[in-house]
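S.K.: As a plain string of letters, each chain reads:
2 protein chains.
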Amino acid sequence: MDMHSPDTAVSSSPLGEEETPWLSAKEQQFWRAHLEVAKLLDYQLGRELQPHNLASNDYEILVVLSESPDRRMRMTDLATATLQSKSRLSHQITRMESAGLVLRQDCPGDRRGLYAHLTELGWETMQKVAPDHVRSVRHHFIDRLSPEQIDAMYAALAPIAEHLRALRGRA
Amino acid sequence: MDMHSPDTAVSSSPLGEEETPWLSAKEQQFWRAHLEVAKLLDYQLGRELQPHNLASNDYEILVVLSESPDRRMRMTDLATATLQSKSRLSHQITRMESAGLVLRQDCPGDRRGLYAHLTELGWETMQKVAPDHVRSVRHHFIDRLSPEQIDAMYAALAPIAEHLRALRGRA
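First to last, the sequence lines map onto chains A and B. Residue numbering for the first sequence follows my numbering, beginning at 1 and increasing consecutively. Residue numbering for the second sequence follows my numbering, beginning at 1 and increasing consecutively.
Simulated from the structure, these hints should not be mistaken for lab results. Model, not experiment: these values are computed from the prediction. Any given hint could be a false lead.
Identical chains blur together in the list; that is why a pair holds if it fits in one copy or across any two.
[Unchecked claim] Straight-line Cα separation of at most 27 Å, DSSO-like style, residue types lysine-lysine; simulated pairs: (1) Lys128 with Lys26; (2) Lys128 with Lys39; (3) Lys86 with Lys39; (4) Lys39 with Lys26; (5) Lys26 with Lys86.
Next up, chain A with everything else stripped away, as it sits in the complex:
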């Protein structure tokens, strides 16, 4: 995203609003590297989950459910936790239900709707896939950074994550 080119329309910014400076060459370079790593890493990790017949979204669902009490979560909360629309999550859960990894059930005594449960097969699948997934995460990302870089990047990212979580909570 070329946001430092001088010919783009700075002058067309809304009346009266403060002008925001374009990204400097360094900022631009960094911003593109961030986007590229986020996207390509997600793509590559997804590819390496394919032999397990899982999409990266599926793996995330398995992890989130496995960390929830009783390995289940209300569908609406699961949508929030995974930042998906309810309709998109619903499609995904239907797919995962056919594969036997999760089960949708009403909760007796709770009118607020449907829960997604991790099945025994879902749990076993996650246990089986996790070592390969860690290997992928290390090989393509973590092991390419020094401990100092990891510390520094965590210090930089943690407050940003907090800011974005707070915004998201308000939405």
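Given chain A's structure and the hints, the job is docking chain B onto it.
M.R.: For chain B alone, kept in the frame of chain A given last:
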């Protein structure tokens, strides 16, 4: 993704393969912060594009086409550039075509198929949206980092981006 819990199945890794150590607490913390920032930032930037009737994927298409010679690109190359499947890109382009932002056309004398062209409206839309988008990127990300952090993170991410691009090229 809890990848340092001692109870997950390290012992079930495939026979004969070297065991990959789980992420340390610090690595785990950093990995989650990375995932969270990537995902929440994409979500927030997408939300702030909504008043312009654009999804973040749409904005990306506008940027990629605007930077291409003659503001057009072969559909298959556009799918590669934006890391999407051809069928998903095709749906997206259909939507953007209805909005008048792009146009699909055969290229005379080129049998290798369909091109997506940026329309005049698409170009103007990008010019109009870009200042707001830069403001969002600064507010939620870039301006929350010091110049030293930006330099350090770029130095860390650039080789990873290169590694992932090379893998992707081979795929």
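S.K.: Against this structure, judge whether each hint is valid.
M.R.: Tested hints:
Only between protomers do Lys128 and Lys26 lie at most 27 Å apart by alpha-carbon distance; the minimum there is 24 Å, versus 42 Å within a single protomer. In the homo-oligomer, the alpha carbons of Lys128 and Lys39 lie at most 27 Å apart both inside one protomer (25 Å) and across protomers (25 Å), since each shortest distance falls under that limit. When the C-alpha separation of Lys86 and Lys39 is checked against a cutoff of 27 Å, the pair qualifies both within a copy, at 23 Å, and between copies, at 17 Å. With identical chains, the CA atoms of Lys39 and Lys26 are at most 27 Å apart both within one copy (20 Å) and between copies (23 Å).
Taking identical chains as interchangeable, the C-alpha atoms of Lys26 and Lys86 are never at most 27 Å apart, the minima being 39 Å within one chain and 33 Å between chains.
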